[in-house]
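Take a look at the letters that make up each chain.
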Amino acid sequence: MIGRITSQQLVISAQRHLQDASSQLARLQDQASSRRAITKPSDDPTATGNALKVRAEQSNNEQYSRNIDDANGWLATADSALGETTDVLRRLRDLTLQAANGASSSAGTRETLAVEIEQLGDQLFGIANTRYLGRNIFAGTSGEEGAYRPDFTYTGVAGATVERRIAEGTTVQVDADGAAVFGDGATSVFALVKEVAADVRAGVDVTARIDEFDARFDAASAQRSIIGAREASVERAQTTNLDRGLALETQRSGIEDVDLAQVLTQLAAQDVAHQAALGVTAQSVPQSLLDFLR
Amino acid sequence: MSTFSSLNIAYSGLVASRRGLDVIGQNIVNVNTVGYTRQRIETTSLEQAITKAQSRIPQPGNGVQVTGISRLGDAYADARVRETSADASYWLKTNDVMASLESRLNEPSDDGLSKTLQRFWTAWQNVANQPGETAPASVLLEEANTLATQLSTGYRAAQGEWASVRGEASSAVAAVNESAGQVAELNDRIRETIAAGGSANELVDKRNLLIEDIVAQTGATVKLKDDGTADILLGGSALVEGGTARQLAVTGADSLETASDDPVTLEWTHRPGQPISAPGGSLAASLELLGPADAAGTGGAIATFAAEFDHVAQTLADTVNAVHRTGAVADGTTGHDFFSTGPGPAALTLKALPTDASGIAAAAPGRGSQDGSIADEISQLGSADGSADAVWNAFVVSTGVRAAGAENKAEVYQLAYNTASDLRLSQSGVDLDEELTSMLTFQRAYQGSARVLTAIDEVLDTLINRTGVVGR
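Chains as they are written, first to last, in the numbering used here: chain A, 10 to 303; chain B, 11 to 482.
If you're looking for bench data, these hints aren't it; they were derived computationally from the structure. Keep in mind that this is a model prediction, so the values were computed, not measured. Watch out, some of these pointers could steer you wrong.
What the hints assert, rightly or not - Chain A side only, calculated, beta carbon under 7 Å to chain B, not exhaustive: (1) Ser51; (2) Thr57; (3) Ser297.
What the hints assert, rightly or not - Chain A stretches covered by chain B per the calculated footprint, using a threshold of three residues with CB under 8 Å from any CB of chain B: (4) 21-27; (5) 36-50; (6) 61-67; (7) 71-79; (8) 150-164; (9) 167-181.
Every residue gets a Cβ at the ideal spot worked out from N, C-alpha and C, and that includes glycine.
Make the full structure from the sequences, and use the hints.
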């Protein structure tokens, strides 16, 4: 222990203690008002590193959530388009069967059938060219106006799929394979419809064609179930995404944010300490022998 | 013993008390003077005058004599203050600069570079979702520009910090030169005063203050000599030797760009081209901070800071370009860069080359114009090992560690300095209560001497005026 205490020493140590108390108070006030435990990397370098990682994951997660919404839009559009496709194909099969059974019926009846078949063919062509946000559902990477040109050529690129990233390392295909459902060019369902209509009109037997419609129907159903399975996986990803978002926010808050109750308690304690330092300084520094000398 | 010698004894008491009060006064008025060391009057009793014919009657002494005014300084306490002040100011300076650099990182926050990088990668995802569309492409280009701006701002901050530390080093050396000159001058005066038998206490106080300043800046060592002068040694050579002072100079680069080719060094003006190392103090801290960056990241903090910004920019450009080149732009061609860098530091020159959606290679060649697989691949670069994000995160953490280390050391050494200066103040500072007590003592001593004078006067009065008046 230092033996001798001098006037300047008293003043300087009082100043130092006041300064310490004030800076502690300022730090706690800063924490309490910003509610952040880490305001600069040096507060806790390790936690800062973790915070940056969690923030990056949060940002990714938010983007996955947007991607999931987008994927849902694509898949829902594809699903309803495929639903319509199966309906139209079923109707086409029925009409073809009807035409096959009544091959000998009148030219007028056949014409009516042929016209209806042609109309359904147009409808199918329209469905095949369904777009979502300006993109072809059945030929996702195609930049053209539709998945099929008027001459029934498929505009999509084989194997080029539209993928959405719905979770870390997981992508899901959101477009439907148009070529698998509708075929391409001369072998396409549109060409089939056109030929069947012409055959019906000409009175040619179309019985053999029914199987072809069945094959198309199966292809469309298969594609629809694939889309359904993808929708289910996107839905699962959405639930996971929400949970992950909450978990990440909890994690971030745990790293970066202060325990408010703790900080407020410390703040109150530090406030008392600061006032005590002020009080002690005010009491002790002016004291000297002069006060007692006459 | 003469008749009036008793008067002389009383008179010597009056003189000593007066001198004592003077010293007390000097102490009291300098109670708040920085660097003042308390003084004390030294007195000694005078022996009896020796006469040829020694009287048989014992003689008392011949009064009191002021032998000097001593300065109650403690060379050991002074040395401790000097030692600790060199370390304290070294770390204080380092901590200041590290804290300033660290604040430029803006991390962790929503405005930091990591957030901008995230938004940049996210923008690539949106381009992957809607390739060829104008809106996501403009957002991506905007984010790329923001990235470039933030990187160059960070780099420029390092340049500014470097220039300001360099400027401070120059002015610190000028101040050291000035102080050294004054110390030499004071050395001369102190030697002369002491040789003439005077009191050089105030001059010594003044010189010690200057020496402390020099030591805090340079970490020089001090050698006190018997004739009262002090030599200041820096790296084995004398900065001040008796009455002569030598001059220091800071030479080398005056901007961050040239720092690695032309390092900033300290040298003697009379020995140009031979760098000396400042053993400690804030000047040593400045010179270290100004040093060039090295591969291990342990070089000069400011240059390292700039180099890391550069590293992030270069990594970003390299990784993005590598993937972007494999993609096809709107006209179907491949091999296009997304970022351009140079000439000069990548952090300052990073620039996104595409101006609209047609220049962004989102599609893999042969997969249709609306393909977004390349954009998706680029968007995943941020999570890869060795990505710009990873470089940045490591940089933020290492800066944090360095800043936290500097802060801790600054606190520890400041504490040591405080303890040392407390110790010195405790020994050499003025305590008012003590001085007032001494004042009372001297006051009473003066009163006592005056009373002795009066008594002797009365005795003489009796002898001179009232003797031989019997029967008058």
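Verification of the hints:
no. : hint    : result
1   : Ser51   : 4 Å, holds
2   : Thr57   : 5 Å, holds
3   : Ser297  : 5 Å, holds
4   : 21-27   : holds (count 3)
5   : 36-50   : holds (count 3)
6   : 61-67   : holds (count 4)
7   : 71-79   : holds (count 5)
8   : 150-164 : holds (count 3)
9   : 167-181 : holds (count 8)
In the structure shown, no violation is registered for any of the earlier numbered hints.
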